[in-house]
Amino acid sequence: MNDKPTIEDWVALAEAALAAAKKATSEEERRHLLERAAIYAELAEHARWPRA
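Residue numbers (our numbering): 4 to 55.
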């Protein structure tokens, strides 16, 4: 069994963070969620490449 998150897992987290950012009630919360979305997108990009 592979416990490592998949590309799809990271993309889903990024999309959820973006959706939450749209509903954020403060600029600070919105910025935090957008930063999280960017991190998840970066992790999805790294998950694309196989490890040696």
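Heads up, some of the hints might be wrong.
[Stated by the list, open to error] Here are the computed lysine to aspartate or glutamate pairs in the EDC-like style, where the Cα-Cα straight-line distance is at most 20 angstroms:
| # | residue 1 | residue 2 |
| --- | --- | --- |
| 1 | K7 | E48 |
| 2 | K7 | E32 |
| 3 | K25 | D6 |
| 4 | K26 | E38 |
Hint data in this document are derived by calculation from the structure and do not stem from the laboratory.
Structure-based check of all given hints:
no.: 1; hint: K7 to E48; result: 14 angstroms, holds
no.: 2; hint: K7 to E32; result: 28 angstroms, violated
no.: 3; hint: K25 to D6; result: 30 angstroms, violated
no.: 4; hint: K26 to E38; result: 15 angstroms, holds
In this structure, the earlier hints numbered 2 and 3 are contradicted, and the remaining ones agree with it.
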